[in-house]
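These protein sequence lines are chains B and Y, in that order. Residue numbering for the first sequence follows my numbering, beginning at 148 and increasing consecutively. Residue numbering for the second sequence follows my numbering, beginning at 7 and increasing consecutively.
Check each hint, because a few of them may be wrong.
[As the list claims (entries may be wrong)] In silico DSSO-like pairs for lysine-lysine, Cα to Cα no more than 27 Å straight-line: (1) B:Lys150 to Y:Lys239; (2) Y:Lys239 to Y:Lys253; (3) B:Lys150 to Y:Lys112; (4) Y:Lys114 to B:Lys150.
Just so you know, the hints here were simulated from the structure itself, not pulled from any lab data.
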Amino acid sequence: MDKVSAIFQKELRGFLINPNFFMVCGLCTVIMSWIYPIQLNIFAQELQNYVYQTQIPKQQLNIHYAVFLRHLSYLNLMLILVVPALSMRLFSEERKMRTFDLLLTSPVTSAQIVIGKYLALMVAILVIIGLAFLYPAFTSIFAKVNWLILGIAFLGIFLVSAVYAGMNLFCSSLTESAIVSYVMAVIFNVAIWFVGIGGEIVDSPLARKIFEHISLSQHLSSLVEGTIRTGTLVFFATLVFLFGFLSERVVESSRWR
Amino acid sequence: MIEVSSLTKKYGEIHAIEALSFSVKKGEVVGFLGPNGAGKSTTMKIITGYMAPTSGYARVSGYDVFEDPLEVKKRIGYLPETPPLYNDMYVQDYLRYVAQLKGVEKSKLTSSVDMALEKTNLTEVRHRLIQNLSKGFRQRVGIAQALVSDPEVLILDEPTVGLDPKQVSEIRDLIKELRGKHTIILSTHILPEVQAVCERIIIINKGKIVAEDSLQNLSALKSGAQKINLRIKNPQDDLVRVLSGLKGVMKVYSGATRNNWTLDTEKQDEVIESIAKEVMIRGYGLLEISSAKADLEDVFLKLTYGEETKEVVHG
Chain B
148 MDKVSAIFQK ELRGFLINPN FFMVCGLCTV IMSWIYPIQL NIFAQELQNY VYQTQIPKQQ
208 LNIHYAVFLR HLSYLNLMLI LVVPALSMRL FSEERKMRTF DLLLTSPVTS AQIVIGKYLA
268 LMVAILVIIG LAFLYPAFTS IFAKVNWLIL GIAFLGIFLV SAVYAGMNLF CSSLTESAIV
328 SYVMAVIFNV AIWFVGIGGE IVDSPLARKI FEHISLSQHL SSLVEGTIRT GTLVFFATLV
388 FLFGFLSERV VESSRWR
Chain Y
7 MIEVSSLTKK YGEIHAIEAL SFSVKKGEVV GFLGPNGAGK STTMKIITGY MAPTSGYARV
67 SGYDVFEDPL EVKKRIGYLP ETPPLYNDMY VQDYLRYVAQ LKGVEKSKLT SSVDMALEKT
127 NLTEVRHRLI QNLSKGFRQR VGIAQALVSD PEVLILDEPT VGLDPKQVSE IRDLIKELRG
187 KHTIILSTHI LPEVQAVCER IIIINKGKIV AEDSLQNLSA LKSGAQKINL RIKNPQDDLV
247 RVLSGLKGVM KVYSGATRNN WTLDTEKQDE VIESIAKEVM IRGYGLLEIS SAKADLEDVF
307 LKLTYGEETK EVVHG
C-alpha cells in the first residue's frame, strides 16, 4: 500500500507541477464559462415564453434537464478529449525516458503500478469535474436546485470518466509514443458510445438485451435522471476492472517479452 | 550471493546470451567485460528480475529471479545503461521516491536520501531539477538512485559513461569504498576501469563466457610472450623484413607513425638485445626501446576478437 501511495503521490505531483494540466483546466473553464451562461439565458427566455404558450414540453421547463444535463453533455465531450491528454504520458513517457526500468526493477507489482497511476489520473479528472460542478452550484444562488439528483448526475459523469481513465491508461501502456497513445485513447472513448448501437440491427430479443446492457449511454441516461441501479454500478466497475487488468497484463508482459 | 546457471535468452532466433554460468560471492566486485552487443546488459537485466530468461536460472541470495522477483528486487540496486531519471523532479524528491519504491522504511527515508547524496557528492544539487543537470550529474544521480536503498547487491551497467576524468576517478573510489559491504557487478568496455576496481573479471563475447578469472591470472595468460615498443629515427623499407627475420621475433606491427613499431617476441632478454644491436648496425637511429607489459587489453582483444584487430604487417 505504501508503494501504491508513493506512485500515486509522484504522479499527482507530476500533474500539479506541470503547467499543461492547469492549461487544460483553464481552457475547459473558458469553454464552460462561454456555454453555460448562454444555456441559462435560453432557459430563462423559455420560462418567460411559457407564460404565453403552453405547448412546450414539460422537461424543457426543468432546470435539471434544460441546463444541467446539457452542461454535463458538454463536459462529457470535453472529457473524451481531455482524459487522453492527461493519461497519455503516464506509461508512454516512462517507456520513452527509460524510467520504466526503475519501476520494473523495484519491488513493486505491476498491479501496484497500475493502481497508483490510475488513482492519480482519477484525482486529476476529479479536479476538472469539480470545476464543472461550480457552475450548477453557483446557479443555486438564484434558482432552486435539487442537489441529490444533481449529485447523482455528476456521479454518472464521474463513473463514465473512470471508464475513460481505465481505457486511456491501457492505451498509454501499449505504446512509447504519447501522440499515438492520445489518438488511440480518443478513438476508444468515442467508440465506446457506439457499442450499444448494435441493438438497432439485431433481431433476437436476447441479443438486443445484451446490447442494451453494454450500452454506455443507456446506463448513463438512468444516472443523469437521478436513478442509481446496481446493474449500472456493476457495469462501470467491470469496465474499469477490465481495462485495469489489461493494463496490468501489458506492464507485466514487459518482464517476459 | 549471486548464482547464474546455464542462463539463455533468445530474442526470436537471435541468442543474446547462451548457457551462461557463473557465481559471485558476497562482497565481491566483479567486472563484466565485453564488446558492445556481447550480452552484458541482457545478463544484468535478467539478474535484476527485469526480464525473464528463456532457460536456465539466476538466483540472488537464494531467491530465483523469476519465481521470487520481489524478494530479489528488494536486495538489488540497479543502474541501467540510461539512468532512469524523471526530468520534472528535483534530485532530492526523486531519490526519496526511489527509496519509497524500494521499500525503505518511512523513518529512514530522509537519512537514506542524505546518505546517497553524500556518497555521490550530489548534496549541492539536491534542490535542482533533474532536467537542468549536466550529463555527469545525471549519471551520478543514477548511481545515487541505485545506492539509496542500501542494497546488498549493486548492478551497475557502465557506471562511468559520460563522466569527466575526475568524476570517473571519484566513482571508482566510491566503488572501492563500497567493496566488502555490497556485492557489485559492473559492466564496462573500458578496461582500465576493470583494472582499477574489480577483483574478478568475466569476459563475455557473443553471449558466451570466454574467460573468468582474477585480474592477475588473466594478465598472465599471455606469459611466454612479450611486447617490445620501438622508436627509431630513420626507418627504411627493409625494416620489417630484417626485424622479423631475427630469432625470437614473432610479429612486427606498424605503430602510429613510420617511426613507431611494436614487436611480439619470445620472453627472453637476448631478444631485446639482438633487436637493439640490429637496429644500430642498420643505422635506423634507435631512439627508444622498451618492453611493454602484456596487459588486459591484449587478453581482452585476443579473447573477444582473436588477433584480427591489429593489422599484421608481416608475420
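If any of the earlier hints don't hold here, list their numbers in rising order.
-> 1
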